[in-house]
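Chains as they are written, first to last, in this note's numbering: chain U, 1 to 191; chain V, 1001 to 1447.
These aren't lab readings, by the way, just hints derived from the structure by calculation.
Heads up, some of the hints might be wrong.
Derived DSS-like pairs (lysine-lysine); straight-line CA-CA distance at most 30 Å [said to hold, decoys possible]:
#1 V:1026 x U:5
#2 V:1105 x U:112
#3 V:1382 x U:63
#4 V:1382 x U:101
#5 V:1043 x V:1382
Which residues of chain U face chain V? A partial, calculated answer using Cβ under 8 Å [stated by the list, open to error]:
#6 85
#7 86
#8 88
#9 89
#10 90
#11 92
#12 139
#13 155
#14 157
#15 182
Nothing here was measured: the structure is a model prediction, and the numbers come from that model.
A virtual CB, placed ideally from N, CA and C, is assigned to each residue, including glycine.
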Amino acid sequence: MRSQKRRIAVVPLGEVPGIVPKSIAAHILGYLNVNAEVLSPLRHPDYAYDPRRLQYNAGAVLKALESHSFGRYEKVIGVLDVDLFVPIFTYVFGEAKQGGKYALVSLNRLRKGHGEGAFVPEPIYLERAAKVALHELGHLYDLHHCSDSRCLMHFSGGLEYLDRIPLYFCRYCSVFMRDALSRPRHRRSKG
Amino acid sequence: MADKMSIMIVDDEKIIRESFLYWFEKYGHRVEAAASGMEALEKLEKSPFEVLFVDIKMPGMNGIELLGKVKEEYPDTTVIIITAYGSIETAVEAMKMGAADYLLKPFKPEQLSLVMEKVTQQRKLVSEYRYVKGRLEEFTRFENIIGQSPAMQEVFDLIPEVAQSDSSVLIMGETGTGKELVAKAIHAKSKRRHLPFIAINCGAIPDSLLESELFGHEKGAFTGATHPRKGFLEVVSGGTLFLDEIGEISPKMQVDLLRVLEEKKIIRIGERQAIDVDFRLISATRRDLEKEVAEGSFREDFFYRINVIMIRIPPLRQRKEDIPLLVEHFLQKYSRETVKQVDHISADAMRVLKAYDWPGNVRELENAIERAVVLSKARTLKREDFAFLRSPPEPVLKSRSLKEVEREHIQRILEDCDWNVTRASKVLGINRVTLHKMIKRHNLKRP
């Protein structure tokens, strides 16, 4: 049964290919049976640019997202086409605070193919973006990384790992996700 | 789901601590952060952590110093060094000091994932090894008798040999050395192991009562004997009788027991009919029975009858290398029994325990650990927790003069105070000038 009251926002940050947020929203609806809406783009996150690393600080982008009002949406997924980092890591595909409200999906590295200078076909690119988005959404609903390599919540540090994990949750994570989605939606998120 | 671990991040940069926290929260680990080495040690004292991520460069105590302290106090804790400055020398030094791995900031997410996988595997292997080792020890060592000193190894070697025969055994050792445990181990390894083991402390029972306890009595044999009763020599039937403090029994009882050992028959008090008995006798004493035999206060024939095989258990002060092993055993035992997380002992406290003479031997050590665990408010036992251990004052010999006693006392206090005259004069309750005069008068010199 579809959770009618829940709404998830997919919001582009700066310029991103229009099909990606739509594809993410469709996957959320299809896999989790939760309404997902694509919102108008917000400004490009130049405020989060780190000139030393030539990358964008995921923490700063999340903080900026928190300052916007997304009152009717339970969770918000920001989609951006820049290379994201967190201070300890060289890069991240996505970022979300465990049990929080906001997540990010970076498309910057998702186009790359397995050879030097190669690019993957669009369906794979869209599938990668959907995987990262659903994985981060799992964290927003308090799902942990899963040790089962055949689960969407399994940690994938590189593209080859990301391509290896399936586009669905394992039995246990599905139960946790269903349980999280069946809880009353007015519980406050961690931030 | 992956194994959940307790992890602490030690880094002076808040942003790094937060990054790690958010990351490990995604795995469901218990994560805490400390901004300095001192804060990390305080947290470690309160609760155990399995893995520590330690930044090398921190103000105050740096990562390498913290690593050294953690490995000394909590050797089971895995330490991963994190550094933004890739110096091979520092990394090598850290690995030599016991760090499990090191990461150069920033690192790829999969690098951290690999390190965590490695740590999980290592900890799993260690815990499996400990389990197997523990199981193996159950088969190879004698339960509750602990020691790796050569003196104790000799005792361990003797136990299975002695257990094979039926000869009488005399165990000699000071109070608290574990004589009864050795007796039980012999019984447990002998062919009589499925039959009773009865222990009687001869020193605690009056002679008349001991006779009745051992031989039994008939109804009306003496005032109060309202029912017939079997003695322990009968009840033990086929098992092992352990007579502790055998040196305390009267000459009459020595004769009675000698007869039983020779004839393997007893006669209940008030009865005429002899009853066949079958038991193995193990006796124990803390007294020097050989000397007492020579002095004529203990029967020679009885001594040789009970002393077919002699096992001497060394006092704890002669096998101090066993103290750490015993301390670890008692710590585990009492932290389990008292449900307190007191599972470590500081190096300083261990030095105190090793320096002490333990007149009450292993029993006294066990009591000391139990007391310290019960009263401790921290996870690690410290030197102060054993402040109650005081060597008994040596008896002052009548033949020594006041001058000699004064000289020795001053010398001891000076040594205790590391020859710091100011401190020593405070302890002695005299001023420094007087103490200097006394040092000169007694011709005391710093070694």
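To see whether the hints hold, each was checked on the structure:
1. V:1026 x U:5: Cα-Cα ~27 Å, so holds.
2. V:1105 x U:112: holds, 24 Å
3. V:1382 x U:63: Roughly 46 Å separates the two Cα atoms, so the pair is violated.
4. V:1382 x U:101: Roughly 46 Å between the alpha carbons, so the hint for residue 1382 (chain V) and residue 101 (chain U) is violated.
5. V:1043 x V:1382: holds, 16 Å
6. 85: holds, 7 Å
7. 86: holds, 5 Å
8. 88: Result: holds, 4 Å to nearest chain V Cβ.
9. 89: Holds: closest Cβ of chain V sits about 5 Å from residue 89 (chain U), inside 8 Å.
10. 90: Holds, about 5 Å.
11. 92: holds, 6 Å
12. 139: It holds, given that the least Cβ distance between residue 139 (chain U) and chain V is near 6 Å, below 8 Å.
13. 155: It holds, given that the least Cβ distance between residue 155 (chain U) and chain V is near 6 Å, below 8 Å.
14. 157: Interface hint status for residue 157 (chain U): holds (3 Å vs cutoff 8 Å).
15. 182: Violated: closest Cβ of chain V sits about 20 Å from residue 182 (chain U), beyond 8 Å.
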